[in-house]
Structures are given as structure tokens and as C-alpha cells.
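Note that the protein sequences, when read in sequence, are chains A and B.
Sequential numbering of the first sequence, starting at 0, is according to numbering that gives the first Met the number 0.
Sequential numbering of the second sequence, starting at 0, is according to numbering that gives the first Met the number 0.
These are computed hints drawn from the structure, not numbers from a lab.
Some hints here could point you the wrong way.
For the chain B half of the interface with chain A, some residues (derived, Cβ under 10 Å), not all of them [stated by the list, open to error]:
1. D26
2. V50
3. Q51
4. F54
5. I131
6. E132
7. R174
8. L177
9. Q178
Short derived list, chain A residues pointing at chain B, Cβ under 8 Å [as the list claims (entries may be wrong)]:
10. S30
11. A41
12. Q49
13. I62
14. I63
15. S65
16. I66
17. E67
Backbone N, C-alpha and C define an ideal beta-carbon position, used for all residues, glycine too.
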Amino acid sequence: MKCESFNNELVNSGDAEKLSAEALKHIEKCSSCKYQVEMDRAVKGYINEQKSRKLPSYIKSNIITSIERESVNYFNIFMPALRVASLLVLFFTGYYTAGYMAQERSDVGDEQIVYYDYFTTKDSGFSFESIWFQD
Amino acid sequence: MGRSFDESFIIQRIKEGDKEAFSHIIDRYGQKVFQTSIGFVRDISEAEDLVQDIFIKVYEKLDKFKGESAFSTWLYRIAVNMAINRSRKLKMRSFFSSVEGSEVLLNEVYRSVGNDTIIEEKEKRAIIQKAIEKLTLMQRKVFVLSYYQDMANSEVAEVLGITVKAVESLLFRARKRLQEQLKKVEF
Numbered sequence: 000m001k002c003e004s005f006n007n008e009l010v011n012s013g014d015a016e017k018l019s020a021e022a023l024k025h026i027e028k029c030s031s032c033k034y035q036v037e038m039d040r041a042v043k044g045y046i047n048e049q050k051s052r053k054l055p056s057y058i059k060s061n062i063i064t065s066i067e068r069e070s071v072n073y074f075n076i077f078m079p080a081l082r083v084a085s086l087l088v089l090f091f092t093g094y095y096t097a098g099y100m101a102q103e104r105s106d107v108g109d110e111q112i113v114y115y116d117y118f119t120t121k122d123s124g125f126s127f128e129s130i131w132f133q134d
Numbered sequence: 000m001g002r003s004f005d006e007s008f009i010i011q012r013i014k015e016g017d018k019e020a021f022s023h024i025i026d027r028y029g030q031k032v033f034q035t036s037i038g039f040v041r042d043i044s045e046a047e048d049l050v051q052d053i054f055i056k057v058y059e060k061l062d063k064f065k066g067e068s069a070f071s072t073w074l075y076r077i078a079v080n081m082a083i084n085r086s087r088k089l090k091m092r093s094f095f096s097s098v099e100g101s102e103v104l105l106n107e108v109y110r111s112v113g114n115d116t117i118i119e120e121k122e123k124r125a126i127i128q129k130a131i132e133k134l135t136l137m138q139r140k141v142f143v144l145s146y147y148q149d150m151a152n153s154e155v156a157e158v159l160g161i162t163v164k165a166v167e168s169l170l171f172r173a174r175k176r177l178q179e180q181l182k183k184v185e186f
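The shape of chain A in the complex, shown without the other chains:
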């Protein structure tokens, strides 16, 4: 077995303890590949050591206390009411703004309407102008 294929086998399996007989035979002769196996074991050892740490029991009570405190948080209690209130404010603001704008539009001066008719009439200007001049 060549070093390259040994390395591929090691990386593919991800476990130095599951190497084939051929690979095991190879590391007996090859010191650099043997070193790769030792490194793999060192990484596993480090991870296992970290994994073996237990979550302290007070963490659980801390979480439960935080959750209970969170549920009496007035902000959370009033949040739904606040959302409804802000929707109502938005609705009425929109309603009154629209009403106001409609009012504004109806207050548009007569002359604007005359201008509009003047420029959109086929026989533009003549009849209006004659009426105005007569007045």
C-alpha cells in the first residue's frame, strides 16, 4: 500500500481504529503514516475529553427561572394589545388622511375644471371664451 492510498483510507473512514489489515501493515513500516494515525487518535481523544464534560445541574434551574421571569414580563403581556392598538392607529390615520385628501380634491377651483375641459374639448376654447367675454 502506498502512503497516498493509506491517507485516503484514513480520511475516508475518519476512524483510525477501523483501518484495513493492509493499512495496518503499512503503518508498521511507514513512520509518517503512523504519525497521521497518532494525530487522528489525539484529535479523537481531545473531542472525547470535551464531550465527557457534564452540563451543570444549575443550568436547568437557571433556564426555568429565566422562562418564568420572561412570562411575567409586562412588555410580553401588553405586546398583543400594543400590536392591535398600532394597527387601529394606522387604520384611522389612513382613513382620515384619505378623507382629507378627498375633501381637498373637491375643493379644487372651478378654473381648473374649466382648463381641463378647455384642453380636452375638440372645439377647444371658443365657446368658453365667448361666454367669458360676454360676461
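Starting from the structure of chain A, add chain B where the hints point.
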């Protein structure tokens, strides 16, 4: 079957306002979430804080859990995302608090290793930890779930929302990268 039935019953109880029922969820997943946190955050007390934050977030977001995936998948997804965010913050903090920065620190370790063939256990751990930190974000996610939580590739794929093939490829590249990092030193 029994497990998932129990779980959905417990989740229902929590949603109905039974806070005590949430302690069952902590009992069941606390250790696993802790292991994930340790995988991303080096400091143990930081990892403990992170576990608290993760479970509080899970409780707050429980209404959004519709049961489309397994509860554990949903929970681990939150855990991984929060752990990544926390590790980024810590990295930034350590970068600004230390003039050297992690990159320089790693080189420092390598240099000291070069001078002395016998590495103390503490140094060895620091080197491995630094090598793990040098993995890309996705490689690290896959590596932590696979090695720290002993998840099957299919489970990792489900949590991260990627294919099993992608998990295999990321794991392969993560191991390769670790090897390259650790080649620089001699244990």
C-alpha cells in the same frame, strides 16, 4: 414511536403554558446541546451560557414549531446557528481585546513546538482546538455535529438542510484540512 409521542405531548403542554414541562426537554437535550456548544465555543462557561440562551430561544420560538421536522432537528438547527453567532462574537471580542489575534497565537504555538519536541498536554489541546477553528464555517458545522454529537450523516444533512453527499464531502475536506494543520506540528 413512544419517544415522539411523548415529545409531542410535552411540546403541546409547554405551548399551553406548562413551563415545568420544559424541564423534560432540557433533560433530554441539554447534554447534546452542551456538547454542540463546546464544539463551537472553547470556553466552558461561555458554552454553559450559550446552552441557557439556546433553550430560552427554543422556548420563545416553540409556537413556530409546526412539527414539519423532528423536534430534535429543529432544536439543533437553532443551537448550531446560535453557537455560530456566539463564536463569531467571541472571535471579534478576542481579536479586539488581544493585539495578537488567534492567527498570531496559533503561529506562536507552532513556533514554540518547533523549539521543543515534547509538547505539554495543554499545548496539544490548544493546537487541536486552533486547527478545528481553522475549518470553514460549513466544515465546522458538519464536523461538530458529527464528532461532538455522534450524529449520522443523514441526521447532519437534515439539521443543516443539505444533502448527505454534501455532508460526506464536507467531512472529508474537514478531516483533510485538520490533517494539514496538524502536520505542521509534531506530537
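Here is how each hint holds up against the structure:
A least Cβ separation of about 7 Å between D26 (chain B) and chain A falls short of the 10 Å threshold, and the interface hint therefore holds. Restraint check, V50 (chain B) versus chain A: the minimum CB separation of about 6 Å is within 10 Å; hint holds. With 10 Å as the threshold, the beta carbon of Q51 (chain B) comes within range of chain A, its nearest partner Cβ sitting at about 5 Å, so the hint holds. Satisfaction of the interface hint for F54 (chain B) is found here, the shortest Cβ-Cβ separation to chain A being roughly 5 Å, below the 10 Å cut-off.
Residue-level restraint check for I131 (chain B) holds (minimum Cβ-Cβ distance to chain A is 8 Å; threshold 10 Å). For E132 (chain B), the suggested interface contact is broken, since its CB lies about 13 Å from the closest CB of chain A, more than 10 Å. Of the supplied interface hints, the one on R174 (chain B) holds, with its beta-carbon coming within about 5 Å of a beta-carbon of chain A, less than 10 Å. Here the hint on L177 (chain B) is kept, as its CB sits about 6 Å from the closest CB of chain A, short of 10 Å.
Given the 10 Å rule on beta carbons, the hint for Q178 (chain B) holds: about 7 Å separates it from the nearest Cβ of chain A. Here the hint on S30 (chain A) is broken, as its CB sits about 11 Å from the closest CB of chain B, past 8 Å. Using the Cβ-Cβ criterion of 8 Å, the hint placing A41 (chain A) at the interface with chain B is satisfied: the shortest such distance is roughly 6 Å. A least Cβ separation of about 5 Å between Q49 (chain A) and chain B falls short of the 8 Å threshold, and the interface hint therefore holds.
Among the interface hints, the one on I62 (chain A) holds; its C-beta lies about 5 Å from the nearest C-beta in chain B, closer than the 8 Å criterion. Taken as an interface hint, I63 (chain A) checks out: its beta carbon lies about 6 Å from the nearest beta carbon of chain B, inside 8 Å. Among the interface hints, the one on S65 (chain A) holds; its C-beta lies about 5 Å from the nearest C-beta in chain B, closer than the 8 Å criterion. Because the closest C-beta pair between I66 (chain A) and chain B is about 5 Å apart, less than 8 Å, the hint holds.
For E67 (chain A), the interface hint holds, since its Cβ comes within 8 Å of a Cβ in chain B; the closest pair sits about 6 Å apart.
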